[in-house]
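**Q** Chains as they are written, first to last, in the numbering used here: chain A, 1 to 44; chain B, 1 to 249.
One or more of the hints may lead you astray.
Straight-line distance between alpha carbons at most 25 Å, and here's what the computed DSS-like set of lysine-lysine pairs gives [as the list claims (entries may be wrong)]:
#	chain 1	residue 1	chain 2	residue 2
1	A	K9	B	K139
2	A	K32	B	K202
3	B	K202	A	K39
4	A	K4	B	K202
5	A	K32	A	K4
For the chain A half of the interface with chain B, some residues (derived, Cβ under 8 Å), not all of them [claimed, not checked]:
#	residue
6	K4
7	R7
8	G26
9	V29
10	V38
11	E40
12	V43
Everything labelled a hint here was simulated from the structure, so no lab data went into it. Backbone N, C-alpha and C fix where the C-beta goes; we use that ideal spot for every residue, glycine too.
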Amino acid sequence: MSYKCSRCKRDVQLDEYGGVRCPYCGHRVLLKERSRDVKEVGVR
Amino acid sequence: MSEEYDVEFVERGDREARFLVRGITPGFANGIRRAMVADVPTMAIDTVRFIENSSVMFDEQLALRLGLVPLTTPPEGEFVEDDTVTLSIDVEGPATAYSGDLVSSDSLVEPADENVPIIELKDGQRLEAEADARLERGKDHAKHQGGVAVGYRHLQRVEVVDDLPEFQEPESQIVRGVVEENGELVPTSEFDHDLSTRHPGKEIRLEDVPNAFVFHVETDGSFSVEELVTRAVDSIEARATELEDAVQL
């Protein structure tokens, strides 16, 4: 799962054991990146 | 249809018109109104594929907004129901994405208005999407309603009966739409909708003209009023013929 650190803006990969923390600056607020897939939405 | 109806236009614009129809029953007048609202197929966006949306709104909200953008509907026979046309939009902030930014793959199907705002994009935000427009009827979804403000009233006949009694206070008499006076059609906006200003100091009799209805029709820009009314009446005729064929032994 790809996240972005809200402080240093770097891409962060989360793993099972590392916990929610930026490995570069230690900040604990990470933002989830939008997937690159094309999303189809019905208009109803 | 074997019977002929007398139709007279009072106001005639491309998107808005007022016309009088004589010789129809109240049921048939309502049938025409309902057909204009629900039975004339129009184009509207039905599915949206989002490639990028970094705006502040969810994909679903933007899709609903795109669905409500009125699109021009091709002439009869060019498309059949459920045919689709693809439109695309690609706007990068800082800018506002308007309906005019939608690029159609078919010149017959384009946004009817170019200035419908979709979303305001800030610096670094981008909207890129592809949408499929489909031909469907108003009864399937309100976004397919070609007639947005369709209504009718009985035509009212105005008759000056007598002078008001000398000491009677004149009361305002409000009427809306179009009235018939000495055989002439007069829009009530000409006298501020108040008969007491048109005939001061007179006693007035107002009565419904039987089987005469004044329609007020406004379209969303999918097509002209004339086209909407013609297609609505055609749809009634088609259904009546279908019923006739079905019940014959």
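**Q** Decide, hint by hint, whether the structure agrees.
**A** Hint-by-hint comparison with the structure:
1. A:K9 with B:K139: Roughly 49 Å separates the two Cα atoms, so the pair is violated.
2. A:K32 with B:K202: violated (76 Å)
3. B:K202 with A:K39: violated (69 Å)
4. A:K4 with B:K202: Violated, at roughly 80 Å.
5. A:K32 with A:K4: holds (6 Å)
6. K4: violated (12 Å)
7. R7: violated (18 Å)
8. G26: It is violated, given that the least Cβ distance between G26 (chain A) and chain B is near 26 Å, above 8 Å.
9. V29: violated (19 Å)
10. V38: With a closest approach of 5 Å, the V38 (chain A) hint holds.
11. E40: Result: holds, 5 Å to nearest chain B Cβ.
12. V43: holds (4 Å)
Consistency with the previously given hints fails for numbers 1, 2, 3, 4, 6, 7, 8, 9, ordered from lowest to highest.
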